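Peer 1: Top line first, the protein sequences correspond to chains A and B.
In case it helps, the numbering used here puts the first sequence at residues 914 to 1257.
In case it helps, the numbering used here puts the second sequence at residues 132 to 418.
The hints are simulated quantities; they were obtained by calculation from the structure and are not laboratory data.
Possibly wrong hints are sitting among the right ones.
[What the hints assert, rightly or not] Quick list of simulated restraints, FRET-style, between CB atoms: (1) P191/B x T1187/A: 16 to 24 Å; (2) E156/B x L1103/A: 47 to 55 Å; (3) E171/B x D1049/A: 43 to 51 Å; (4) Y1213/A x A303/B: 35 to 43 Å; (5) A283/B x A1089/A: 40 to 48 Å; (6) S1000/A x S293/B: 51 to 59 Å; (7) K291/B x T942/A: 43 to 51 Å; (8) S293/B x H1189/A: 44 to 52 Å; (9) D157/B x K1027/A: 27 to 35 Å; (10) R288/B x E1245/A: 45 to 53 Å.
[Unchecked claim] Quick partial rundown of chain B residues pointing at chain A, CB under 8 Å, derived from the structure: (11) D157; (12) K163; (13) N184; (14) Q258; (15) A313; (16) D337; (17) S347; (18) I351; (19) R368.
These figures come from a predicted structure and were not determined experimentally.
Cβ atoms here follow ideal geometry from the backbone N, Cα and C, with glycine treated the same way.
Each chain, written out:
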Amino acid sequence: MEEYIVSLDNLKKIADELLNNHCRVIGTTSENKFKELNYAEELVLNPGAVPTSSSFKEFFFPKTEPLFFYKQNHSNVDLFNPIQDKSKIVIIGAKPCDAASLPIISKVFNWDYKDDLFNSRYDNSLIIGMSCHYSDEFCFCNDLGSSPENMKGSDVFLKPLADNYFKVVSVTPKGAEFINEYQKYFEKDLGKNKSLERKEENPKHFDYDKVKTWLDNNFENKFWDTAGEMCLGCAQCAFVCPTCHCFDIVDEQNGSCAGRRAKNWDACQFSLFTKHASGHNPRDNQEKRYRQRISHKFKYYMDKFDEVLCTGCGRCSRGCPVSLDILQIVEEINSLSGNSNSIQ
Amino acid sequence: MNELKQICKEALTEKKARFIIAYREDKNKKTKPFIARTPEDAEQIIFNHQAVNNLAVYFPRFKNSGEGKIGIVVKSCDLKAVTALIQENQIKRDDLFIIGVNCSGVVRDTTMEFSNDNTQIKCKYCQAKTPPYYDELAEESKEFEMPDDDQAELMARIEKMSSDERLEFWSAEFEKCIKCYACRQVCPMCYCEKCIVEKSEPQWIDTSSTARGNFSWNIIRAFHMAGRCIGCHECERACPMDIPLTLLTRKMGMVASSEFGYRHGMSLTEPALIGTYSTSDKEDFIK
Ligand code: SF4
Ligand code: SF4
Ligand code: SF4
Ligand code: SF4
Ligand code: SF4
Chain A
914 MEEYIVSLDN
924 LKKIADELLN
934 NHCRVIGTTS
944 ENKFKELNYA
954 EELVLNPGAV
964 PTSSSFKEFF
974 FPKTEPLFFY
984 KQNHSNVDLF
994 NPIQDKSKIV
1004 IIGAKPCDAA
1014 SLPIISKVFN
1024 WDYKDDLFNS
1034 RYDNSLIIGM
1044 SCHYSDEFCF
1054 CNDLGSSPEN
1064 MKGSDVFLKP
1074 LADNYFKVVS
1084 VTPKGAEFIN
1094 EYQKYFEKDL
1104 GKNKSLERKE
1114 ENPKHFDYDK
1124 VKTWLDNNFE
1134 NKFWDTAGEM
1144 CLGCAQCAFV
1154 CPTCHCFDIV
1164 DEQNGSCAGR
1174 RAKNWDACQF
1184 SLFTKHASGH
1194 NPRDNQEKRY
1204 RQRISHKFKY
1214 YMDKFDEVLC
1224 TGCGRCSRGC
1234 PVSLDILQIV
1244 EEINSLSGNS
1254 NSIQ
Chain B
132 MNELKQICKE
142 ALTEKKARFI
152 IAYREDKNKK
162 TKPFIARTPE
172 DAEQIIFNHQ
182 AVNNLAVYFP
192 RFKNSGEGKI
202 GIVVKSCDLK
212 AVTALIQENQ
222 IKRDDLFIIG
232 VNCSGVVRDT
242 TMEFSNDNTQ
252 IKCKYCQAKT
262 PPYYDELAEE
272 SKEFEMPDDD
282 QAELMARIEK
292 MSSDERLEFW
302 SAEFEKCIKC
312 YACRQVCPMC
322 YCEKCIVEKS
332 EPQWIDTSST
342 ARGNFSWNII
352 RAFHMAGRCI
362 GCHECERACP
372 MDIPLTLLTR
382 KMGMVASSEF
392 GYRHGMSLTE
402 PALIGTYSTS
412 DKEDFIK
């Protein structure tokens, strides 16, 4: 197969064409945030940038979205479907720890119930990933079988070359089709542009299998009494996380006899999350709620969907107001797992 | 540094406090809150420019949690929260063992070193580097050059705006809100067992992150802070969407001060403004 490279300028021209074709083009900007671009010049691709403070999940799973609208009509209730934006979504410049999240959460959105809202966006999307040249004490993609060069979740993958060029890798049939469609912007790779390599390897921190085994056996362990002790129970971690996918369904009135039913982000760190109508709350303190967060990510999701519900992006830790660091918690579990059979 | 450790160790050894809410450094040299229960734990206690958290936020968790005093390490600004909680009858002075630290400023961005450009707004107008009262005091305060209070400039600019312009300013800010409630969870003055946004029969405030829902949330939070915010700036620091939340709460504190001559968290004996009524209370500024 032919090998291609593309210049940043041409990538922007592609973005312009996509915008003209009524696609929603999402890219990182000078503020290092994912944003729906208004024009291609807003796009800034920096492989050395820290992961954006929020993930791009809102473009597939918005923070709030109507399921239907209702209006009382004498003794009947009329229901109206919301108008859905069916435009194709193109993400440009996703890091491996961003792109990998989509196939992971797609599993829960296609389990017993097929979530049309998520699927209609994800199926009609194209993810252009890019290798990552950043690393800090919160990153741990390497520990989860991924890497800064991993192409999971990407349809097309870019590898930075010198002089604002990128080597282009076609990952999926969708990606190949895309490269074909915009052929005129891609150049044959003559191997002239030096490739920009990462300066250093990411270190390894833990052995996931050991962590999983420990979690399998230690639901009741005194470790949990202090692990999440300082957690304040906000949802910063869940809402910025690319893989957290919990939602709540609420009815909201607007006017006297009308309103909407909406699907809103929710998170297990809220005390209300598991509160029953009876008033009973099985996760009645923050320590239990924190155990849920870690267990769902590193055990339950694996049991059910054969994936770790975490890509190691480190966002949750970077933004935590009390500096609770998920990697350090998992590392502690890893060191406890030396004697994983001792259930305390 | 050692002085603080020593004080805490003694307090735990001599059972002056049953535990101490303090700061420690983790293995990545990140300063974070923790609870020291034993004299050995106290070895980990530190204080530095990265000690941003207002630890008074943890008090509600220990309500009716047993006999003995709760120890807490406080900066001068944090102590205002402690005082305010005493004024609002949330905690008793006698139940606390207060370890004050002299503070010479904390960072705004915890990923960077302390510098003039990286100083919390509150430090720029902080009036007491030494907590006004305490059971023990640790640390020598170092003088530091106070950078300009850039928030005051922004506040002046907003005050000059027409109401339409202001609406536009705040609409753009609130649109970013994702309703993670980090602002509420880090706030030492947000201690309601059931927040108004959690009251669902009926639902007073939309839980959706729509324009209406976000406005309702942010405005109700600001209202509930009127004359109660003690200015720790934790809400703004915690907000993942970088919404300048303290513009509102600081402004309301300024109104409480100019209209009622009251500043919250400044006196253990003065009744809280929000909980008292006086026939001489002005209302002419309410428009
Ligand atoms: S871990 Fe941090 S971000 Fe997550 S809920 Fe707890 S305090 Fe909030
Ligand atoms: S749990 Fe934290 S590190 Fe893992 S994917 Fe979510 S935000 Fe990233
Ligand atoms: S960690 Fe919590 S918020 Fe995130 S997906 Fe799991 S249960 Fe939901
Ligand atoms: S409103 Fe903000 S600044 Fe005021 S007390 Fe609460 S967290 Fe501190
Ligand atoms: S912390 Fe910021 S984003 Fe979160 S609820 Fe408060 S204002 Fe909204």
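Peer 1: Against each hint, give a clear statement of whether it holds in the structure.
Peer 2: Going through the hints against the structure:
Roughly 19 Å separates the CB atoms of P191/B and T1187/A, a value that falls within the hinted 16 to 24 Å. At about 52 Å, the CB distance of E156/B to L1103/A agrees with the hint of 47 to 55 Å. At about 31 Å, the beta-carbon gap between E171/B and D1049/A misses the expected band of 43 to 51 Å. Under the hint 35 to 43 Å, the C-beta atoms of Y1213/A and A303/B, about 39 Å apart, fit the expected range.
With their beta carbons about 57 Å apart, A283/B and A1089/A fall outside the hinted range of 40 to 48 Å. Between S1000/A and S293/B the beta carbons are some 36 Å apart, a value that contradicts the proposed interval 51 to 59 Å. Under the hint 43 to 51 Å, the C-beta atoms of K291/B and T942/A, about 29 Å apart, miss the expected range. At roughly 49 Å, the beta-carbon separation of S293/B and H1189/A lies within the given 44 to 52 Å, and the hint holds.
At roughly 42 Å, the beta carbons of D157/B and K1027/A sit outside the given window of 27 to 35 Å. One distance hint, 45 to 53 Å for the beta-carbon pair R288/B and E1245/A, holds here, with the actual separation near 47 Å. Taking 8 Å as the C-beta cut-off, the interface hint given for D157/B holds, the closest approach to chain A being about 6 Å. Among the interface hints, the one on K163/B holds; its C-beta lies about 4 Å from the nearest C-beta in chain A, closer than the 8 Å criterion.
The beta carbon of N184/B is positioned within 8 Å of a beta carbon in chain A (closest approach about 6 Å), and the interface hint is therefore held. The beta carbon of Q258/B comes no nearer than 25 Å to any beta carbon in chain A, farther than 8 Å, and the hint placing it at the interface is violated. Interface hint status for A313/B: upheld, as the beta-carbon distance to the closest one in chain A is roughly 4 Å, under 8 Å. Checking D337/B against chain A by beta carbon gives a least distance of about 5 Å; that is within 8 Å, so the hint holds.
The restraint placing S347/B at the interface with chain A is violated, with a minimum CB-CB distance near 11 Å, outside the 8 Å limit. Interface restraint check: I351/B against chain A, minimum CB-CB distance 16 Å, threshold 8 Å, status violated. Contact between R368/B and chain A, as hinted, is supported at the beta carbon level, the nearest pair being about 7 Å apart and thus within 8 Å.
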